[in-house]
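Undergrad: If you read the sequence shown in the numbering used here, its first letter stands for residue 0, the second for the next number, and so on.
Source of the hints: derived by calculation from the structure; they are not laboratory data. Only a predicted model underlies this, so the values are computations on that prediction, with no experimental measurement involved. Note that CB positions come from ideal geometry on N, CA and C, so glycine has one too. Careful: at least some of the hints might be erroneous.
The calculated label-pair distances, taken between Cβ atoms and stated as ranges, are [stated by the list, open to error]:
| id | residue 1 | residue 2 | range |
| --- | --- | --- | --- |
| 1 | MET0 | LYS37 | 46 to 52 Å |
| 2 | GLU36 | MET0 | 44 to 50 Å |
| 3 | ASN32 | GLN10 | 31 to 37 Å |
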Amino acid sequence: MERMKVSKSVQGLIEYCRDNLQADPLYCPVKENPFKEKKSRPGTDDRRYPLLRSRCV
0 MERMKVSKSV QGLIEYCRDN LQADPLYCPV KENPFKEKKS RPGTDDRRYP
50 LLRSRCV
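Please take these sequences and the hints and turn them into a complete structure.
TA: What follows is the structure, given as structure tokens:
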């Protein structure tokens, strides 16, 4: 394996980050949250699932 200078490696990392910045969800958040809790359907019984009712805020 050929060794590279740190400055050259860092420059390559910076270029990669700049090129892929628009695809980064931490920098450009998605408009819709895929982890957002779905609204419950009418007729479902929450007493069967007590852990689902207690949420951390």
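Undergrad: Now look at each hint and say whether the structure bears it out.
TA: Cross-check of the supplied hints:
1. MET0 - LYS37: 46 to 52 Å: holds (49 Å)
2. GLU36 - MET0: 44 to 50 Å: Holds, at about 48 Å.
3. ASN32 - GLN10: 31 to 37 Å: Cβ of ASN32 to Cβ of GLN10: about 35 Å, so the range 31 to 37 Å holds.
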